[in-house]
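A.B. asks: Spelled out, the chains give:
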Amino acid sequence: AAGVIQSPRHLIKEKRETATLKCYPIPRHDTVYWYQQGPGQDPQFLISFYEKMQSDKGSIPDRFSAQQFSDYHSELNMSSLELGDSALYFCASSLGAPGTGLYEQYFGPGTRLTVT
Amino acid sequence: GEDVEQSLFLSVREGDSSVINCTYTDSSSTYLYWYKQEPGAGLQLLTYIFSNMDMKQDQRLTVLLNKKDKHLSLRIADTQTGDSAIYFCAAKTDKLIFGTGTRLQVFP
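First to last, the sequence lines map onto chains A and B. Residue 36 in the numbering used here is what sits at position 36 of the first sequence, and the numbering runs on without skipping anything. Residue 80 in the numbering used here is what sits at position 80 of the second sequence, and the numbering runs on without skipping anything.
Just chain A, with the same shape it has in the complex:
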């Protein structure tokens, strides 16, 4: 079965550079979530999109932005990168509007971002 695809899988950037992470949800899934997992930490919710509109916002820094496109894929744009942005970034997808009952979030393999 198709899963959530994230690219790239690994990314190395220097401080103050920008990075773009991409997420391709499971076909027919209309909701995308982004999470940040620091070393030894639990995943922290960043932002979500439902039907190309931002549906919820968590602890996402102002330096980050994201959007969901017409084909439902999503991109997380990160600017002025800092050392503390080094983490594993997960994308998850689900079917149906967040908050409307059970939604099983299926996670991608993650993008490991290293900022040097």
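Honestly, the hints are just simulated from the structure, not real lab data. Think of the CB as a built atom: it goes at the ideal place given N, C-alpha and C, for glycine as much as any other residue. One or more of the hints may lead you astray.
[To be verified] Label-pair restraints from in silico Cβ distances:
hint, chain 1, residue 1, chain 2, residue 2, range
1, B, Asp69, A, Ser65, 39 to 49 Å
2, A, Asp71, B, Ser17, 40 to 50 Å
3, A, Asp30, B, Ala41, 18 to 28 Å
4, B, Asn52, A, Ile12, 41 to 51 Å
Assemble chain B onto chain A, guided by the hints.
C.D. replies: Using the frame of chain A, we list chain B on its own:
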């Protein structure tokens, strides 16, 4: 906001049962989930329970929910070395809030 707590480590012998515990604070959480994360890998949804259920069994996995105490547990029967991973519980209100994760180590 919601706060989800777990113990950090659990070590069991192969073949024994493992019980991973989780507490949460928001009584309006509608669904509670267990995710498994193997080293360097993504999060795999193992099972979930709806807040009006007390128990759910799925093969070797048993989820118990004490809604009054806001306590959730995951029991893994006949634990195998392949079960070694970090287990996250997550509570859903309008978004998923993850616990701190429990590292399960299974030794022969």
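A.B. asks: Which of the numbered hints are not met once you compare them with the structure shown?
C.D. replies: none
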